[in-house]
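Asker: Turn these sequences into a full structure, and let the hints guide you.
Number of protein chains: 2
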Amino acid sequence: MAALYVVVMAGGRGERFWPLSMNKLPKPFIPLLGASSLIQNTIARIQPMVPPERILISIGPTHLEIAREQLPQIPAENFIVEPVGRDTSACLGFCALHIEQRDAEGLMLALPADHYISDAEAYRCTIQMGLKNLDGATGVVFGILPVRPETGYGYILAEKPAVRADAWPVIRFIEKPDAPTAAQYLASGNYFWNSGMFLWSNRTLLALFQTHMPELYQGLCELRPLLKENKSNPEVGRIFSQLPRISIDFGIMEKISGLRLIPAQFGWDDIGNWASLERALSSDAGGNVAQGSYVAVESSGCVIYAQSGTVATFGVSDLVVVQAYGKVLVCPKGKAADLKRLVAALGPVNE
Amino acid sequence: MAALYVVVMAGGRGERFWPLSMNKLPKPFIPLLGASSLIQNTIARIQPMVPPERILISIGPTHLEIAREQLPQIPAENFIVEPVGRDTSACLGFCALHIEQRDAEGLMLALPADHYISDAEAYRCTIQMGLKNLDGATGVVFGILPVRPETGYGYILAEKPAVRADAWPVIRFIEKPDAPTAAQYLASGNYFWNSGMFLWSNRTLLALFQTHMPELYQGLCELRPLLKENKSNPEVGRIFSQLPRISIDFGIMEKISGLRLIPAQFGWDDIGNWASLERALSSDAGGNVAQGSYVAVESSGCVIYAQSGTVATFGVSDLVVVQAYGKVLVCPKGKAADLKRLVAALGPVNE
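If you read the sequences in order, they're chains A and B.
Numbering follows my numbering, with no gaps: position 14 of the first sequence is 14.
Numbering follows my numbering, with no gaps: position 263 of the second sequence is 263.
Derived from the structure by calculation, the hints contain no laboratory data.
Certain hints may be false.
What the hints assert, rightly or not - Taking lysine-lysine pairs in the DSBU-like style, the calculated list, with each CA pair at most 35 Å apart, reads:
1. B:LYS176 x B:LYS255
2. A:LYS24 x A:LYS335
3. B:LYS333 x A:LYS333
4. A:LYS333 x B:LYS340
5. A:LYS333 x B:LYS335
6. B:LYS132 x B:LYS176
7. B:LYS335 x A:LYS335
8. B:LYS335 x A:LYS340
9. B:LYS340 x A:LYS335
Answerer: Listed below in C-alpha cells is the structure:
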C-alpha cells in the first residue's frame, strides 16, 4: 500500500480568540483545551498512525518559530512555509508538490490543525476506514453527523449505502445553510458537517488541480522545479502570491464526483470561538467550563479562561470571561462568534 | 478661636473591593477614583484648612507602613495606631486623648478616610459653617440631602430652622431604613444621610464618653498616663482590646441632645462597593464608568477597573469588571454590595 503523508494546515489568525490569539499566536498554537496547544493535540492524535517524517506542517512565515518550538519531533524540512496565505487550494497544491518530491505514489491526508476531537482512538479507526475505502474513489472525506442545527458549518450530502458499508457516496457539498434548512439537515440523517479533513492520492489531487483549477496548476508547475533547489528563492514567493485565493471546497470538492464519505465515529467541534469550549470541556456543577484557576459563585453556563491568576464570577450567567496577557474579555456566549467586531474596535495596539 | 484638629479614621478591611482591597491594602489606600488613594484625596481636601501637624491618622498596625508611605507630609507622631480595631467609639476616644495631650482646648473634626466628595471648595465651606455653629451646641454633624431612597445608609432627622440659618437642630439619628421608609425620607426634606463626619470640642467629647459610655471612659482614663510615656507599651494594647466595641453613632450620637446639623453643599458617596464608582466618576457615551485602560463595545452601564492591561467588554450591560493583581472579578452591579459572599468562597489564598 502507498505511504500515507499527513498535511496539517495551520494557517489563519483566530481573531475570535482575543486576547489569547493575536497575530503572534494564532488559534492552533493556543493551549485552549488543556496544557497542550490544539496543533500539538492534532499531531499527538495522528502520530500513532504516521511517523513524524511523513507529517508536513503548512505554516505562515511568522509562525514558523512557534510551530517548530511546539513540535520538536517534526523534522525541520517538514515545515512547509507558505510565503503568503492564499487559502486551502494553494496550501494543499503546494504541499502536494512537496509530497510528490518525496514519494510520487504517496497518499495525502489533509487535516485542520485546530479542531477538537473527542476520542483519538475512534478518530484513527475512522481514518483507517478512509484508507480502506480510498481505492476506486476520487477521494475520501470525513463527515460528522450533526448534533444541532448549526448554521456556521458547511455540509456534505451523502447517500446511505444500500448494504451496510463504511463509506457513503458523496452527492454534493453544501454551503452554510440558514436555520430552517440546518434543522432539516439535522433531521434527515444524510447530511454531514464537513470536517475539513480530506484523503486522496497525491497524484490524483494534482490531476484534479490540472482539470479544475488550471491557473493554479500552472503556478504549481512553475514552482515544482524551484522546490528541488532546496533553498529559499524569492521567485517562490512571487509565484505563490499570484496563485488564485480559493478554498479547496470551492476549487475542487464541489466540482468533482466519485468522492466517498466516512461518517466520523467521534465527537467533533471546529472550536470556532470561545463559546465552543463549552462543547469540548467538562462542566462544573453550575454548568460552567473553565481552563485555569477560577471561582464561580452563583454563576452558571459561563466559559472561563484564566491564563494566569484567578477569574472570579459572582452572580452571572452565560458569559465568556477570559484573562490573558494582562487583558480581560467579557462578553455573552452568544456574541463570541462576532468577536472580530471587538478586535476591530481595539485597534492594532491591543491586538 | 480654639485650634482645629482633624482625625481621619482609616480602619476597615473593604472586602467589597476584592480583588483590589485585601487585608494588605484596605479601601482607604486604593486609588479607586483616580491616581490618588481615597485617604490621599481626604487629606488633600482638608489640608488647605488645617496644617499637617494637626491632622491625626487613626490606623491599624498592619496598615501603618502603607499609610506613612502614602502620606509623607503627616508627622510620624500623628499616626495613631489602634492596637486592635474596636469600632469608632474606641477609635475617637483614643484620638481624643492624643489631642488632649497636645491641646486641652482643641476641637476635633472626625472624618472617614474613604468617602467621595464632589467639590472640595464647597466641602471646606460646609466645615467652616460647622465651626461657626459649634458654639452653644453639643456637637455638629454634617448631613447629606438624599438623592435616592438609599437603604444602606443611616439617616439623621433634623428640624428646618424657622428663619434662614446654616444649622438645623438635630431631632434624632435613625438606623438604615427599609425601602418604603427610605422613599418617605427622600420625599420629606428633613431627613439627611449621616455622612459620618462629626465636629465637637475635644473636651466635650471626653465628657460625653464619661456620661454615656462610662466603661469606655474608664479605659481611656487608664490609657491617659500611658500615652504620656511616649513609647510603645503592651499595657496600651491590653487595655485597648478590652474597650467596648461600639460605633460612635450607637454609643453617643443617638443618646444626646443639642446637636446641630449642617446640610452639605457638596455631592457625597460612601463608596461602599464597586457599583458606587458610577456615582463618583464621569461616564462615557455608553454610560460606562472606568478607571484604567478599557474598550467597551456595544456595552452600557458597566463599571470597569483595570489596574493594568486592558479590559474589553463586548455586548454586556450593568456589569462590574475588575482586573487587579492578576485577578479578575465579574459580577452584576446589583450584586456588588454582596461581594463578601464571593470573598468568603475564595478562601484565604485569594484574599
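Asker: Hint compliance check: list the failing hint numbers for this structure, sorted ascending.
Answerer: none
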